[in-house]
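Place chain H on chain C using the hints.
Keeping their order, the protein sequence lines are chains C and H. Per full-length UniProt numbering, the very first residue in the first sequence carries number 1; after that it's consecutive. Per full-length UniProt numbering, the very first residue in the second sequence carries number 1; after that it's consecutive.
Among the hints, a few may not be true.
Every beta carbon over 10 angstroms from chain H, so not counted as near; a handful from chain C, in silico [unchecked claim]: (1) Q13; (2) W61; (3) E80; (4) L83; (5) L99; (6) K178; (7) G212; (8) D280; (9) P284; (10) E288; (11) M294.
Cross-link-like lysine-lysine pairs, in silico, DSS-like; alpha carbons within 27 angstroms at most [unchecked claim]: (12) C:K90 - C:K133; (13) H:K19 - C:K90; (14) C:K86 - H:K19.
Calculated Cβ distances over 12 angstroms to all of chain H for the following chain C residues [as the list claims (entries may be wrong)]: (15) R72; (16) K86; (17) N125; (18) V164; (19) K170; (20) K205; (21) E239; (22) V243; (23) S258; (24) A260; (25) S271; (26) E272; (27) W275; (28) F279.
Bear in mind the hints are in silico, worked out from the structure with no lab data behind them. For glycine and all other residues, C-beta sits at the position ideal for the given N, C-alpha and C.
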Amino acid sequence: MGLKLDQLTKVFQNETAVNALSAEIKPGTIFGMLGSNGAGKTTTFRMILGLIDPTEGKAEWHSTRLSYQLTRLVGYLPEERGLYPKLTVKQQLHYFMKLKGMHKKEFREEMRSWLSRFQIEEYENRRVEELSKGNQQKIQFMASVLHKPELLILDEPFSGLDPVNSDMLKRAVLDLQKQGTTILFSSHQMHNVEELCDELMMLKKGNVILQGKLAEIKSSYPVKSIVIRGAEELPSLDELPGVLSIRKGKLESVVQVSGAEAAERVFRRCSETTWLKKFDLQEPSLHEIFVDQMGGEEHA
Amino acid sequence: MRNFWITVSHTAVRRITSKSFIISTAVMAFLVMAFFIIPALLQTTASDEGTTVFIADTSEWDGAAAARFHELQEMETEIAGSAEEAERRAEEANGAALIITGDTEELQGELLVEGDEAMLVEQTGDILDRVQASLYAERVLELDETEAGPLFGGVEVSQSLIAGAEERPQAFSGSYWMVYGLVFIIYLIVVSFGSMIATEVAAEKSSRVMELIVSSVSPVTQMFGKLAGIGIAGLVNLAAIAAAAAAGAWLSGEETITFILDEVLDYSLLGYALLFIVLGYVLYGGLAAMTGALVSRAEEANQAMQPIIFLAMIAFFISIVALNAPELPVFRILSYVPFFTPQLLFLRIGMETVPAWEIALIIVILIASAILVNLAAARVYKGGVLMYGKFSFRQSIGRAIAVSKKES
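Extracted from the complex, chain C is given alone in its bound form (with noise of 0.2 angstroms):
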């Protein structure tokens, strides 16, 4: 149950966007999408969402297929984000809400709810054109979620917010989590990601290159990062069989290998010519598998 992507594919024009993609994503789950630009994200999303047909495979929650007569269950914030510039915020809110089958009464509340949530109860009746873009993305977040939907899609929903904004948007989303919402996003921000997810699957043009339960993945990725501080100048190191690079700071050199016996070879050498005062093998953080996935074709 929950949302099911069983072989989801889909070619435009004999070009692959998304290749044979399956995931099972539980209720209550939050769950990222990464890849770099133009990797399948928000064709993979428009495919759930039923707005474009697949070439093969099948998107279902629940075990039914998205379609506009479930849309009361689904929310979604796209990526190229948009509103009437000439309406008010009520109003807009008001003809997405009714497309969502949303009644007036209920539509009411939630919104003065939200905006109260957001600090923003005094746009009510402004037009969106007058808004800031930090407010106009919370009233394009709102009008995700104002009719409680079951599954949400954030397509980059933090980009082009401040720190103080980006911190009440994940207060939100980890909100909506504890009531049950199952939560698919996608971001480049690697931070929000990690803060985030229970779950990611990362995507190179169009085909997946890792999925899998956040810690797991960062537990087995082989690559690790040494933060080494030594007594005296730490010995040459490139040489060693493992190490992928070296980044040599004031105090301490942070060295990347590519598993455990590299790290123990780096520790045999450091520790035969000083006295190490640090020696921290150390998970590799989501930027870094990030970068090391899309960077390098040895990894994919």
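For chain H alone, kept in the frame of chain C given last:
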């Protein structure tokens, strides 16, 4: 269906309450009203009830000419004792002075006015002609009223067909103005409402609100909702202009209303007029919506609409030519072409005898074409609304279909 009506009301209300719509409708209504009122006003000014003509008769008729002029009561007149008195009183009352001179055989009149009163001069001359003729017949020729009657009775000219000529249907002159009006109205609807549809769709795309909308309502439902919504806005626009025309006709006098009701409107054609307006709108509107979905920015919509506007212009010019010779076979053939049907078939029905089976056949072709065009447009629209980038008609249609279709 629920979302269709939500889209219809949203589109119609937003369009009708927009500043540009209100201003353009008000300007059009004003111009139409002026079109009716100004000629009537000019006429009224010429024979202005407020312009009193003070008549001084110094001719050999010895006051009888002025008295007869006054009796005719075709303009407001007062008789003065002398030319000076007439001129003085005209000056005081801001009117005109007519000084009648001459003998019983040749009467002359001099009209003293402020400014240029060409129509008043012509009208005065006409009345004076009749005054002279009636006085001469009565006093010089000594004819009584019965004998003088034929002199002023006028001659009636009738028309009939020359030998060998084919009879033209009676409807020709009767429906000419209505046909002309509808040909123009369809052209106006296609050009203005078509552009309105394309711009509306393109504006939603360029403001990026489109993707949010089509995640809640199917693009096809949304497209037809927009067509209906703008159609309603168009009807409001037409109703306002028609109301302005009616008000203008009413203000300009009973004659104009009688002329419109009796001479311009052909009641047997009203049903056809409505049918062709609706079908023409649906046919061209589908194409306009598709065009709007293919462009990324509202500014590109007008450029993209050019081929459709050219098509409408061709239909319009063909119809204008056909108005003078609707019976030519070329116009009969062209009336089968769906994009020309609304104007040309209406024109043929109004101005010649078209068999019922032919009317039914052409209307069926038009309805089938409108359905096909709209199905194709909906297919392109579905992909087009999710597509951004440089506009090229052929390539954009190909890309839009590729986005919307299931198989690669």
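Tested hints:
At the 10 angstroms boundary, the C-beta of Q13 (chain C) falls inside the reach of chain H, the nearest C-beta of that chain being 5 angstroms off. A cut-off of 10 angstroms between C-beta atoms confirms that W61 (chain C) is not in contact with chain H; the least separation is 14 angstroms. Taking the minimum C-beta to C-beta distance to chain H, about 4 angstroms, the non-interface status of E80 (chain C) is violated against the 10 angstroms cut. Against chain H, the non-interface label of L83 (chain C) is violated: not every CB pair exceeds 10 angstroms, the least being about 6 angstroms.
Distance check on L99 (chain C): its Cβ comes as close as 4 angstroms (rounded) to a Cβ of chain H, failing to clear the 10 angstroms threshold; non-interface status is violated. Residue-level check passed: K178 (chain C) sits 24 angstroms from the nearest beta carbon of chain H, beyond 10 angstroms. Interface exclusion of G212 (chain C) from chain H stands, the closest Cβ pair being 28 angstroms apart, more than 10 angstroms. Distance check on D280 (chain C): its Cβ is at least 46 angstroms (rounded) from any Cβ of chain H, clearing the 10 angstroms threshold; non-interface status holds.
Every CB of chain H is more than 10 angstroms from the CB of P284 (chain C) (nearest about 35 angstroms), matching its label as outside the interface. Residue-level check passed: E288 (chain C) sits 33 angstroms from the nearest beta carbon of chain H, beyond 10 angstroms. At the 10 angstroms boundary, the C-beta of M294 (chain C) stays outside the reach of chain H, the nearest C-beta of that chain being 24 angstroms off. A threshold of 27 angstroms between alpha carbons decides the hint, and for K90 (chain C) with K133 (chain C) the separation of about 17 angstroms falls inside it, so the pair holds.
At most 27 angstroms may separate the alpha-carbon atoms for a hinted pair to count; K19 (chain H) and K90 (chain C) meet this at roughly 20 angstroms. A threshold of 27 angstroms between alpha carbons decides the hint, and for K86 (chain C) with K19 (chain H) the separation of about 11 angstroms falls inside it, so the pair holds. With a least CB separation of 9 angstroms from chain H, R72 (chain C) falls inside the 12 angstroms interface cut-off, contrary to its annotation. Taking the minimum C-beta to C-beta distance to chain H, about 8 angstroms, the non-interface status of K86 (chain C) is violated against the 12 angstroms cut.
N125 (chain C), annotated as away from the interface, keeps every beta carbon of chain H farther than 12 angstroms; the closest lies near 15 angstroms. Distance to chain H confirms V164 (chain C) as a non-interface residue, since its nearest Cβ pair spans about 24 angstroms, more than 12 angstroms. The non-interface label for K170 (chain C) is consistent with chain H: the shortest C-beta to C-beta separation is roughly 21 angstroms, beyond 12 angstroms. Every CB of chain H is more than 12 angstroms from the CB of K205 (chain C) (nearest about 16 angstroms), matching its label as outside the interface.
Here E239 (chain C) stays apart from chain H, with its beta-carbon at least about 49 angstroms from theirs, past the 12 angstroms limit. Listed as a non-interface residue, V243 (chain C) keeps its Cβ farther than 12 angstroms from every Cβ of chain H; the least gap is roughly 45 angstroms. Listed as a non-interface residue, S258 (chain C) keeps its Cβ farther than 12 angstroms from every Cβ of chain H; the least gap is roughly 39 angstroms. At the 12 angstroms boundary, the C-beta of A260 (chain C) stays outside the reach of chain H, the nearest C-beta of that chain being 44 angstroms off.
Every CB of chain H is more than 12 angstroms from the CB of S271 (chain C) (nearest about 58 angstroms), matching its label as outside the interface. With a least beta-carbon separation of about 60 angstroms from chain H, E272 (chain C) lies farther than 12 angstroms from that chain, consistent with its non-interface assignment. Even its closest Cβ contact with chain H, about 60 angstroms, leaves W275 (chain C) beyond 12 angstroms, as expected for a residue assigned away from the interface. For F279 (chain C), the condition that its CB be more than 12 angstroms from all CB atoms of chain H holds, with the nearest at approximately 51 angstroms.
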